[in-house]
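Generate coordinates for the entire structure from the input sequences, incorporating the hints supplied.
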Amino acid sequence: MSYPKIPLAQTVIQLCKAKNIKHIVLSPGSRNAPLTIGFTHDPFFTCYSIVDERSAAFFALGIAQNTQHPTALVCTSGSALLNYYPAVAEAFYSDVPLVVISADRPKHLVGIGDGQTINQKDVYKNHILYSANLKLDIKNLPKTSGDDDEPAIIKSIENKLERFLGIKQALQEENEEEINLALNTAIHKLGPVHINVPFDEPLYETVKELSVNPKVITVDASPKKVDSVDLKLCLEDWSDASKKMILVGVNPPNEIEQKWLDELANDNSVIVFTETTSNLHHKEFFPSIDKIIAPLTDAEFTELQPDILLTFGGMVVSKKVKAFLRNYKPKQHWHIDSKKANDTFFCLEKHIETTPNEFFSEFLPKITHFKKSNYKSVWKAVKQKRNDLHKSYLAEIPFSDFKVFDAVFKALPKQTALQIGNSSAIRYSQLFNISKSLQVFCNRGTSGIDGSTSTAIGFAVANKNQTTFVTGDLSFLYDNNALWNNYIPKDFRIIVINNGGGGIFRILPGHKNTENFDQYFETKHNLTAKQLCEMHGLDYKTAHDETQLNEQLSTFFNASKQPMLLEVFTPSTVNDEILLNYFSYIK
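Every letter in the sequence shown is one number past the one before it in the numbering used here, and letter 326, counting from 1, is 326.
Everything labelled a hint here was simulated from the structure, so no lab data went into it.
Treat each hint with caution, since some may be false.
[Unchecked claim] Result set (EDC-like, lysine to aspartate or glutamate): computed pairs, CA atoms no more than 16 Å apart in a straight line:
#, residue 1, residue 2
1, LYS410, GLU546
2, LYS107, ASP200
3, LYS331, ASP450
4, LYS283, ASP267
5, LYS225, ASP337
6, LYS391, ASP406
7, LYS215, GLU174
8, LYS322, GLU353
9, LYS350, ASP337
10, LYS5, GLU174
11, LYS541, ASP491
12, LYS587, ASP388
13, LYS380, ASP491
14, LYS5, GLU178
15, LYS372, ASP240
16, LYS121, GLU178
17, LYS371, ASP240
18, LYS135, GLU178
19, LYS331, GLU236
20, LYS561, GLU546
21, LYS383, GLU396
22, LYS135, ASP200
[Said to hold, decoys possible] For each label pair, taking beta carbons as the anchor points, the in silico distance ranges come out as:
#, residue 1, residue 2, range
23, SER239, ASN433, 28 to 38 Å
24, ASN433, ASN266, 36 to 46 Å
25, HIS351, ASP220, 12 to 22 Å
26, ASP343, ASP539, 46 to 56 Å
27, ASP122, ASP343, 21 to 31 Å
28, GLU201, ASP343, 14 to 24 Å
29, THR218, THR528, 20 to 30 Å
30, ASN342, LYS224, 10 to 20 Å
31, LYS135, GLU205, 16 to 26 Å
32, LEU233, HIS544, 21 to 31 Å
As the structure is a prediction and not an experimental result, all values here were calculated from the model.
Even for Gly, the Cβ is constructed at its ideal location relative to N, Cα and C.
Shown next as structure tokens:
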């Protein structure tokens, strides 16, 4: 097996290996050649070459979403690592472990007008958990003086050699510590880190043996225990409250032990609101939050207002539940997270710095008094009424985005993964009860449309079961370089709902008759995915009405020789009216 000759490259690669970071996404370049050579020549790693750096970063994000373990991104110097930035920001806000390893010019070549060189140190400053700026390897011995005194020359050489080896060893140890710290941060704090690695030429030389044996530093990853005083206060407040609401944001599948979910479901003073991306299911819980709360009157909002709001998980999609809890604040808001607590509703009182499982294991068994309450039973009746009206409305409306989402979600095969694009796609999904057998993901850290397709493909590559990506036309077209990819699984499925523009802007509050609304907001277009599918080798299907859609969906998920895309064309001018009328209807 060949190794890069540069010891610093060897050190980075060996420590990635020691930390079990297997997936490496490489962006082609020259300055990163030592890393590319090292990763691709070691069968321990699974390497991917993605030309477009922005797409590469979201592809890596998708893999890390699936594995919940760091994926490494490797790029050359210059603007390459800036193209990673959107995915780095997404990983930062979504707690996804990414390791960006950027090659750099030596320090003395930065800021002098050398080609493909920018200020790479701390480039992700505001959206990174840790930045490791490594030091250049020392290659050459210091020169000796021209003194003719042989013993003096020998002594001088010995002294300089000793100093040289000492400095070299100190630099090696400092670099090892920085790399360990960065990788441990990504693994245990779940988020992006940046390792900037300077290399001097030559870059492509290889050796047969490693010249380094880097120290592997481990950390205690045990979840933090809840403070006994805080736990006692929580138990007292919880037992005294008759209206407790639990709201769960983005959450990985199978993250919370079922026994704790069952206990929460059995308490009549507790209602659990789950979002599509929560991946939590129980017949006593309340999915489709917007369906419940959108039609409420002021009196009903007051009735729903909780005494205690307990939250965990990542970002919350529903703007309606945010508005509700900001206007009708709970007396207390507790958030469970080992790393951070966002004051989303402007009333945060307790940050419980541990994992939900750890908190529930210490908290729920100690609850001895259950407050008499009809909180859940009242809202269960509301939920049932909304569900009945939801079905009636679907039977009345014409072919539209609303109908398409209903049909698509019903057709998805069980035990598969669903990736949802941002903007209107994720908002529509909040209105439907999606099968509990599905694992659901969406980039909600920054809520951008820029890398949804790339993320879904990266996720699919790492996923054992089939993955389906449901998206809107603008989101898909914006990230069309995602298809410039040699790794798309044959069973990967894309459903593009094409309403001819950014339909979300017709739904959001605002004046739809603004001058040039269709050009500068809705972004009307006549593009389709057909030519992209032909260029990148995807099987292309279309549907223009309900009958065609159901016919296509009946066979769309079957085994095939290549990935497949279904483009569903809907009328752009009725979708907003149908959605807005929905909330009036279910009232």
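Taking the hints in turn, this is what the structure says about them:
no. : hint                        : in the structure
1   : LYS410 - GLU546             : holds (14 Å)
2   : LYS107 - ASP200             : holds (10 Å)
3   : LYS331 - ASP450             : violated (38 Å)
4   : LYS283 - ASP267             : holds (13 Å)
5   : LYS225 - ASP337             : holds (12 Å)
6   : LYS391 - ASP406             : holds (10 Å)
7   : LYS215 - GLU174             : holds (11 Å)
8   : LYS322 - GLU353             : violated (23 Å)
9   : LYS350 - ASP337             : holds (11 Å)
10  : LYS5 - GLU174               : violated (20 Å)
11  : LYS541 - ASP491             : holds (15 Å)
12  : LYS587 - ASP388             : holds (11 Å)
13  : LYS380 - ASP491             : violated (39 Å)
14  : LYS5 - GLU178               : violated (21 Å)
15  : LYS372 - ASP240             : holds (10 Å)
16  : LYS121 - GLU178             : holds (14 Å)
17  : LYS371 - ASP240             : holds (6 Å)
18  : LYS135 - GLU178             : holds (10 Å)
19  : LYS331 - GLU236             : holds (14 Å)
20  : LYS561 - GLU546             : violated (26 Å)
21  : LYS383 - GLU396             : violated (20 Å)
22  : LYS135 - ASP200             : holds (11 Å)
23  : SER239 - ASN433: 28 to 38 Å : holds (32 Å)
24  : ASN433 - ASN266: 36 to 46 Å : violated (21 Å)
25  : HIS351 - ASP220: 12 to 22 Å : holds (21 Å)
26  : ASP343 - ASP539: 46 to 56 Å : holds (47 Å)
27  : ASP122 - ASP343: 21 to 31 Å : holds (27 Å)
28  : GLU201 - ASP343: 14 to 24 Å : violated (50 Å)
29  : THR218 - THR528: 20 to 30 Å : violated (52 Å)
30  : ASN342 - LYS224: 10 to 20 Å : holds (19 Å)
31  : LYS135 - GLU205: 16 to 26 Å : holds (20 Å)
32  : LEU233 - HIS544: 21 to 31 Å : violated (60 Å)
The structure does not agree with the numbered hints 3, 8, 10, 13, 14, 20, 21, 24, 28, 29 and 32 stated previously, though it agrees with the rest.
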